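**Q** So you can see what is in the structure, the chains are spelled out below.
2 protein chains.
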Amino acid sequence: MRQGRLFVISGPSGAGKGTICSELLKDGSLALSVSMTTRAPRGKEVEGVNYYFVSREEFQKTIDEGGLLEWAEIYGNRYGTPKAPVLEKLNAGKDVILEIEMQGALQVKANYPKSILIFVLPPSLSELRKRLIARGTETAAQIDMRTRTTIDEIKKIKDYSYFIVNDDLQTAVNDARTIINAEHLRVEDQAEAIIEKYEREGI
Amino acid sequence: MRQGRLFVISGPSGAGKGTICSELLKDGSLALSVSMTTRAPRGKEVEGVNYYFVSREEFQKTIDEGGLLEWAEIYGNRYGTPKAPVLEKLNAGKDVILEIEMQGALQVKANYPKSILIFVLPPSLSELRKRLIARGTETAAQIDMRTRTTIDEIKKIKDYSYFIVNDDLQTAVNDARTIINAEHLRVEDQAEAIIEKYEREGI
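Those protein sequences? They're chains G and P, same order as listed.
First residue of the first sequence: 1, per my numbering; consecutive thereafter.
First residue of the second sequence: 1001, per my numbering; consecutive thereafter.
Hints were generated in silico from the structure; no laboratory data involved.
Because the structure is a prediction, the values reported are computed rather than measured.
Don't take each hint at face value.
With a straight-line cut-off of 25 Å between C-alpha atoms, the simulated DSS-like cross-links for lysine-lysine are [claimed, not checked]: (1) P:K1114 with P:K1156; (2) P:K1158 with G:K109; (3) P:K1156 with G:K197; (4) P:K1130 with G:K197.
Every beta carbon over 12 Å from chain P, so not counted as near; a handful from chain G, in silico [said to hold, decoys possible]: (5) P85; (6) R129; (7) T139; (8) A182.
Every residue, glycine too, gets a C-beta built ideally from N, C-alpha and C.
All chains, full assembly: derive it from the sequences and hints.
**A** Shown next, in the form of structure tokens:
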């Protein structure tokens, strides 16, 4: 059975990575990675679906045991990606998507080198600003900051394997599917199995 | 404008790589690499279409000038892949396909590291034998030899980037298209251009 692959999707807020992930998840061929957090559940958030909710002690224990693919502290709360459920899905042949910012993505790559990093880009900075303004949730100063962060991140894009320019959503989703399919045609992970299969057949 | 990529397709005789290449070439989005040879033209072969026909002196001069991506001598005739026309097409944004056996493919990779090596496999050795027998052009001993060569080649498949199992032609052609499209989404070659584009826009 083919091994699942871990796809890590990053990109500036406003690039549309969330929408692309939702589209990819629709046909059930991929699983979304669920984060662990020390913050309290909000509204209708469900344990194991939106997050794994844990105490600060449990979170620290998981870090100490090397049980997180990445983690960060944001405004006093910790967020991380538990390794075990991801590996379980991959071993069951399921592809997993993890949507995370660049720092987290690079931690994941360090802890699981087989992961495939994809960066979603808006077609231009002016388009990114337009989308953020249209969203209306941020001040002009915050939007300036996001634009600057985007430039800084794009300079580090070489750490990624693929980028998708999200000009048209359907094209971007197709690009993501193309990447996922192509990765399953790569030799690296499957050479051993092929050699074995052909040798078993012998002549 | 996007840069073309060089796709090198290898695989045992009977794996169907020729058919896959013909299918890929149909829509005109790819160009086939034309070989240079010292052998005389046969039948309706056309200069610059089937081969570039040259004298042994010209061939040697091209080797000496580093003008071949790969070459080999077969039954006293030399065959090689001229670099200039390939690079010209790539620079014009055209993808190029080169169908060649493994030794040649590895020479191409050494001389043009950006090339992408794809190995086409038959679904099984017994299927490969069946196809070769059905073709009826080879003796039983020749077929045995081909099967042994295939096993030896598959052991070296790790030098390749992708493999395609040709069980169903249409699936195999789609796999090849997926690989070609995904390679154009890779960061490596295009990171510089993207960084430049975004920096030019500035803020």
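**Q** Against this structure, judge whether each hint is valid.
**A** These are the hints, each one checked on the structure:
1. P:K1114 with P:K1156: 19 Å, holds
2. P:K1158 with G:K109: 22 Å, holds
3. P:K1156 with G:K197: 14 Å, holds
4. P:K1130 with G:K197: 18 Å, holds
5. P85: Correct as stated: the minimum Cβ-Cβ distance to chain P is 27 Å, above 12 Å.
6. R129: Check fails; 8 Å does not lie beyond 12 Å.
7. T139: 15 Å, holds
8. A182: 3 Å, violated
The structure shown violates the earlier hints numbered 6, 8.
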